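K.L.:
With chain A fixed as given, assemble chain B onto it according to the hints.
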Amino acid sequence: MGTDKPGLDMDTFSTTLLKHGLSLHHDVTETLQVNVGKLCNMACRHCHHEAGPDCSEIMSRDTMEEVVAYARRARFKTVDITGGAPELVPHIEYLVGNLAPLAPRVLFRTNLTAMWDHRRDWLPQLLKMHRVELVASLPSLNAGQAASQRGTGTLEKSLAMLRFLNELGFGREGSGLLLQLIVNPSGAFLPPGQRQQEIKFRHDLHRKEGIVFNDLLTIANVPLGRFRRWLESSGNFSGYMEKLSSSFNPATVPNLMCRSQVTVSWDGYVHDCDFNVADGLWHGPHRLHISSMPGGPIPGAPIATGEHCFACTAGAGSSCGGALAA
Amino acid sequence: MEEFYYSPEDLGKFGDIGKDAPDLAQKFFDYYGAVFAEGALTEREKSLIALAVAHTVQCPYCIDAYTRACLEKGSNLGEMTEALHVAAAIRGGASLVHGVQMRKVAEKLSL
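First to last, the sequence lines map onto chains A and B. Each residue of the first sequence is one higher than the one before, starting from 1 at the first, in the numbering used here. Each residue of the second sequence is one higher than the one before, starting from 327 at the first, in the numbering used here.
Excised from the complex, chain B in its bound form:
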């Protein structure tokens, strides 16, 4: 039998996390629900942000959930792909901008 650490069905069991700490779970899920409700940003915009962050933290559950959410909130594949490029640009940029540190150290050590 094949076994995987991540299984799509497990996403539906997220609520089980409250079994041994119900008060904390309730606080978290209330907060979570409030965060994704329509506010200054639309639910669609928030889902796009969540999709990008999901790829940054590389959470398979979140990628599954927010791909579906983005489609159901009316985003198209072009918008979703651009959101990932924003995440990729920040991740790549965060690596590259540390090149400043590299250069500083190298300059100090070099003739």
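Isolated chain A, as found in the complex:
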């Protein structure tokens, strides 16, 4: 297959919104998402950040202190810690331990394999102690597809870590320790229905592996970073973008995560979502550091958009919190 360079004959995302009589702006901000860096033990082919073992972008201890101070000032309902692999970032225990008392709900996103490598360390126990919700990435239950997407042996390690988390109580009913799975497609196609996929994963994981979990979220692959390069080199870019744009669902727009969220990148700057971090789009007309933010983005403030936004509005919609519409 030849390369598939962009040169698309399709409306921009902002034009598509206008045609539907819609606009995209901030509502009241409920969630602080903290991206602690691109350092990761894996280099998944779907990654919009191009995260990997050679990445040097990680959040410093000073920036973590700024994040904690920001969370204390703004009082968010949810704090969502993501990466890269947050497990690998030095001082992550400081960040988790100091953010946990400041929000009713704290999420920690894990690729499972990074945590498996640190399972005997303090981290799983720390997350348990603070009742942090784990959001675990598990794109496929097929070993071959998982290996192609994330690396050899990934599925086996991920399942072993899920069993370990179950032993700690995560995902077990009545434990109060929540374990969510997040599933994204193994290629250039949209995710399946979230409810149907949850039923299937619950059945297969319990029957074949004895693993339980609380919820399952589906998320679309976003055409940025390493995934975009794969789309282009495999000849899938145009078809995928046409699929995303032709599947635009206006019913998803009121529920887009960027409306109620602010994302802080590893260097402490403010973005409207994690995908905008990857695309280099900051919140507002100028780069803003969290130290200058008294609270969340002002309701009514515009949200920066790009063609990648079609991934969040296609079909049932997509976000870091799963599908957006029935």
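By construction, these hints were calculated from the structure, which means they are not laboratory data. Keep in mind it's a predicted model, so treat the numbers as computed, not measured. Each residue gets a CB set at the ideal place from its N, CA and C atoms; glycine is no exception. Do not rely on the hints blindly, as some may be mistaken.
Said to hold, decoys possible - Straight-line C-alpha distance at most 35 Å; calculated DSBU-like pairs for lysine-lysine:
1. B:Lys353 / A:Lys243
2. A:Lys208 / A:Lys128
3. A:Lys243 / B:Lys372
4. B:Lys345 / A:Lys243
5. B:Lys372 / A:Lys208
Said to hold, decoys possible - Going by beta-carbon spacing under 7 Å, a handful of chain B positions derived as facing chain A:
6. Leu397
7. Glu398
8. Lys399
9. Gly400
10. Asn402
11. Leu403
12. Gly404
P.N.:
Positioned in the frame of chain A, the structure of chain B alone reads:
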């Protein structure tokens, strides 16, 4: 210029089949849509069946369409490959079970 009987773009023109017999086409497409809607079987299960049948009838359009459908409905390559083996087993079995006929004829003709 290369020409092919089958072209991927032609799949999108399936609806054109209604141009000279719209009523029949409408009946077919309504039926088709109803068949693949969620029922006693899930849409994912129906797509797997369709994928297996597509390989049995060896329709390139159907293989393209139901490979995509299976992936989008949440099936993985292991499940999709097993579905093809079900089709292959039935096709192969259908050949082999006619060996009973062969044996009957041969036995009748043989000393």
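K.L.:
Work down the list of hints and note, for each, if the structure agrees.
P.N.:
Results for each hint:
no. : hint                : verdict
1   : B:Lys353 / A:Lys243 : holds (27 Å)
2   : A:Lys208 / A:Lys128 : holds (26 Å)
3   : A:Lys243 / B:Lys372 : holds (22 Å)
4   : B:Lys345 / A:Lys243 : holds (26 Å)
5   : B:Lys372 / A:Lys208 : holds (23 Å)
6   : Leu397              : holds (5 Å)
7   : Glu398              : holds (5 Å)
8   : Lys399              : holds (5 Å)
9   : Gly400              : holds (3 Å)
10  : Asn402              : holds (4 Å)
11  : Leu403              : holds (5 Å)
12  : Gly404              : holds (5 Å)
When each numbered hint is compared with the structure, no violation occurs for any of them.
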